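In case you want the letters, here they are:
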Amino acid sequence: MAVISRARFPHDVTEADLQALEGNFLTTTVDRFVSWARKNSIWPAQFGLACCAIEMMSAAAARFDLSRFGSELFRASPRQADMLIVSGRVSQKMAPVLQHIYEQMLEPKWVLSMGDCASCGGVFNNYALVQGVDKLVPVDVYVAGCPPRPEALLDGYLKLQELIAAGPGARGRTEVAKPNLTRPEARIPRPGTP
Amino acid sequence: MSDLTRETLVVNMGPQHPSTHGVLRLILDLEGEVIVGSEPVIGYLHTGFEKEMETRTYHQNIVFPPRIEYLATFIEEQAYVTAVEKLLGITPPKRAEVIRIVLAELSRIASHLVWLGTSAIDLNVSSVFMYCFRDRENILDIFEMVSGQRMMHGYFRIGGLQWDLPAGFVDRVRGFLATLPAHLDEFEALLTDNLIWRQRTEGVAVLTPEDAIRYGCTGPVLRGSGVNYDVRRAFPYGGYDEYDFDVPLGTRGDAFERYRIRMEEMRQSRRIVLQALDRLPDGPIIVDDRKVALPPRRELVRSMEAVIHQFKLVSEGIHPPAGEVYSAVESPRGEKGYYLVSDGSNRPLRVRVRAPSFTNLQALPAMIFRSYVADVVVAIASIDIVLGDVDR
Amino acid sequence: MAADLVRTVAEALAPDVAEHQEFRGETTLVLPVGRILDALRLAQAAGFVLLTDLTAVDRHPAEPRFEVVYQLTAPDARTRLRLKVRTAPDAAVPSATPVWPAANWLEREIFDLFGIRFDGHPDLKRILMPDDWEGHPLRKDFPLVEEPVQFIGHTPKVPSRIIPKTPPRQS
Numbered sequence: 001m002a003v004i005s006r007a008r009f010p011h012d013v014t015e016a017d018l019q020a021l022e023g024n025f026l027t028t029t030v031d032r033f034v035s036w037a038r039k040n041s042i043w044p045a046q047f048g049l050a051c052c053a054i055e056m057m058s059a060a061a062a063r064f065d066l067s068r069f070g071s072e073l074f075r076a077s078p079r080q081a082d083m084l085i086v087s088g089r090v091s092q093k094m095a096p097v098l099q100h101i102y103e104q105m106l107e108p109k110w111v112l113s114m115g116d117c118a119s120c121g122g123v124f125n126n127y128a129l130v131q132g133v134d135k136l137v138p139v140d141v142y143v144a145g146c147p148p149r150p151e152a153l154l155d156g157y158l159k160l161q162e163l164i165a166a167g168p169g170a171r172g173r174t175e176v177a178k179p180n181l182t183r184p185e186a187r188i189p190r191p192g193t194p
Numbered sequence: 195m196s197d198l199t200r201e202t203l204v205v206n207m208g209p210q211h212p213s214t215h216g217v218l219r220l221i222l223d224l225e226g227e228v229i230v231g232s233e234p235v236i237g238y239l240h241t242g243f244e245k246e247m248e249t250r251t252y253h254q255n256i257v258f259p260p261r262i263e264y265l266a267t268f269i270e271e272q273a274y275v276t277a278v279e280k281l282l283g284i285t286p287p288k289r290a291e292v293i294r295i296v297l298a299e300l301s302r303i304a305s306h307l308v309w310l311g312t313s314a315i316d317l318n319v320s321s322v323f324m325y326c327f328r329d330r331e332n333i334l335d336i337f338e339m340v341s342g343q344r345m346m347h348g349y350f351r352i353g354g355l356q357w358d359l360p361a362g363f364v365d366r367v368r369g370f371l372a373t374l375p376a377h378l379d380e381f382e383a384l385l386t387d388n389l390i391w392r393q394r395t396e397g398v399a400v401l402t403p404e405d406a407i408r409y410g411c412t413g414p415v416l417r418g419s420g421v422n423y424d425v426r427r428a429f430p431y432g433g434y435d436e437y438d439f440d441v442p443l444g445t446r447g448d449a450f451e452r453y454r455i456r457m458e459e460m461r462q463s464r465r466i467v468l469q470a471l472d473r474l475p476d477g478p479i480i481v482d483d484r485k486v487a488l489p490p491r492r493e494l495v496r497s498m499e500a501v502i503h504q505f506k507l508v509s510e511g512i513h514p515p516a517g518e519v520y521s522a523v524e525s526p527r528g529e530k531g532y533y534l535v536s537d538g539s540n541r542p543l544r545v546r547v548r549a550p551s552f553t554n555l556q557a558l559p560a561m562i563f564r565s566y567v568a569d570v571v572v573a574i575a576s577i578d579i580v581l582g583d584v585d586r
Numbered sequence: 587m588a589a590d591l592v593r594t595v596a597e598a599l600a601p602d603v604a605e606h607q608e609f610r611g612e613t614t615l616v617l618p619v620g621r622i623l624d625a626l627r628l629a630q631a632a633g634f635v636l637l638t639d640l641t642a643v644d645r646h647p648a649e650p651r652f653e654v655v656y657q658l659t660a661p662d663a664r665t666r667l668r669l670k671v672r673t674a675p676d677a678a679v680p681s682a683t684p685v686w687p688a689a690n691w692l693e694r695e696i697f698d699l700f701g702i703r704f705d706g707h708p709d710l711k712r713i714l715m716p717d718d719w720e721g722h723p724l725r726k727d728f729p730l731v732e733e734p735v736q737f738i739g740h741t742p743k744v745p746s747r748i749i750p751k752t753p754p755r756q757s
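Protein chains in written order, with this note's numbering: chain C, 1 to 194; chain E, 195 to 586; chain X, 587 to 757.
In case anyone wonders, no lab produced these hints; they're calculated from the structure.
Any given hint could turn out to be false.
Unchecked claim - Straight-line alpha carbon distances no greater than 25 Å define the calculated BS3-like cross-link-like pairs of lysine-lysine that follow: (1) K159/C <-> K109/C; (2) K135/C <-> K726/X; (3) K751/X <-> K726/X; (4) K159/C <-> K135/C; (5) K711/X <-> K726/X; (6) K506/E <-> K485/E; (7) K135/C <-> K109/C; (8) K506/E <-> K743/X; (9) K751/X <-> K485/E; (10) K751/X <-> K506/E.
Said to hold, decoys possible - Computed from the model, here is a short list of chain C residues facing chain E with C-beta under 8 Å: (11) F47; (12) C51; (13) M57; (14) S58; (15) R63; (16) A76; (17) R149.
Just so it is clear, the structure is predicted and the values come from calculations on it, not from any experiment.
Using N, Cα and C, we set each Cβ at its ideal position, and we do this for glycine too.
All chains should be modelled from the sequences, with the hints used to inform the complete structure.
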């Protein structure tokens, strides 16, 4: 089925053109191929924060070998990485650093929140920690555990691969619903106020 | 031509950096490649442990210590539980003490293996990283066998242990320890005789004994400079005075010396564990005091007092006398101390964690002054910091 | 021998010591703020060469509110000693950095978490909390800031309320 479009420049493209494009045989196959390539070579950024980082290192080591699923290397520079595994508790001081690292990554990028502290604050419900990194960056997969076993991390990783394979429309990303906690007035109530 | 001016270049290292062993930030003043000033900036992992522990009972607080120093988890639990027992003035039964020592020394070996693996991979010896984690997995299997958890165990209780050892534990540990010396020899063959390793670690990050004492360093950092201070020998706890082991001591205070000390400590830990397994006595695994430990369940059907004690302990917790204690253990990083202040209620008034990595890290600027940027990586690795311990 | 060293130091400091406490085999000497530096130097010269810990305790609402605690260790004699000073929030304590450089970060941490100032400290600024943080977290009037988890139709207790604090018991 031919795609007929009157657009000659990118700014002329209409919604109908895009919809027609999505149904096109060639682009869906290309999409599927690109998704397959992306999901099978996700290179995480090194962002080990606390105890979960040790289990992440165990997941990358010999017994639980993460690289057989495609993560051959953990990249030190976020600009060369596809995924951010936030492994560990994010403190108030680290929150802007996390956002900075996330912003430095290039699209497409994914975030896997590893462990209870990264997902929801974990055991520590207090002044010092951000209660869940989804207040700072959009998260694709949450892996529960304190720390999650390397097998649990691999399970989350495989779920992320399924999400990527399902294509861009299928990703149910969390929205960054809460205000940016790095602004001082958004942080904590003054002592004495309710 | 105008006069040439000299400026130092300020370089930021971290907090996200592959070689800082966690979220440590270093601000380095460089003249070329030579470091003329450095300032570690910490606090990126501050979790508020001490305040959190003031809001829970003594028993609920057992959850937190393994998360502070997450590499030597049983030693951290032992530190907290020993401090509470000192506050109460009780000692756990012999079997519990021996099992605690077995698990603590296995923790020490596991922690040193992580240290060795990550230090090696900083210097690009990635095969040692894989080997160390392979051995560590065997230790974590033993921990999982005992407590159900690989890392954050919650197995030690105030007055003893949570439950007794599973069947086959002793054989499993002996089996692992039988393979350990050969693996340690392999690591030494790969590293100690390796010209590149020696050139990168000998004479690097030197700390004089006077500086080590003045900066409050403890552990292999202090012993590498020649000061013989090990908490297991100086202030024996948990039965350590009955075991026969050597405390390795260095002379030159450089990174290579600390590496040699930690390798030898792994062998000495193995020695301690073998002695402990030989003398593992039978008996109860928790103290008999009903004000401290829950009564055994079969007593609950016979005795009203047991039911009341159970109710009081679960709904309120223990009530240590008002007072304060400082109790320390030897963690792989140095002296890990707990300063507990009690006001007689069921919650501690103050829990202060004396973190060895915090005080050891203060000595880093002295170690790397006038050395090269590449030596900073070796220096940080040789101090063996855990950022959870530094920032708490 | 260990007890002798503690006794020697305690006797040398006796004119200044406000309180002498013994509990579970440990000795604590409470000193006035003005005498603490000399006491530390005396203890260091006597053999307590390691500054093991420097911390503070908030005894709110008791007055004076804070206690700054110095934990000293003599590795050769295998003994420990604890020195304490009591201070109010606005009163400063002399810094121990001339005696031990180890006190540098320890005092910064106390300033950060309690708000106690140290005179003569080379660089007194926050160390664990962000630089623009307001408040001193380990003070008793600083809340823990627990966020209750919100389920639909039900909000469970925050962890610190599950087992409430019982009044201090005289045993």
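Each hint tested on the structure:
no.	hint	result
1	K159/C <-> K109/C	15 Å, holds
2	K135/C <-> K726/X	28 Å, violated
3	K751/X <-> K726/X	14 Å, holds
4	K159/C <-> K135/C	22 Å, holds
5	K711/X <-> K726/X	21 Å, holds
6	K506/E <-> K485/E	9 Å, holds
7	K135/C <-> K109/C	17 Å, holds
8	K506/E <-> K743/X	20 Å, holds
9	K751/X <-> K485/E	17 Å, holds
10	K751/X <-> K506/E	13 Å, holds
11	F47	6 Å, holds
12	C51	4 Å, holds
13	M57	7 Å, holds
14	S58	6 Å, holds
15	R63	5 Å, holds
16	A76	4 Å, holds
17	R149	7 Å, holds
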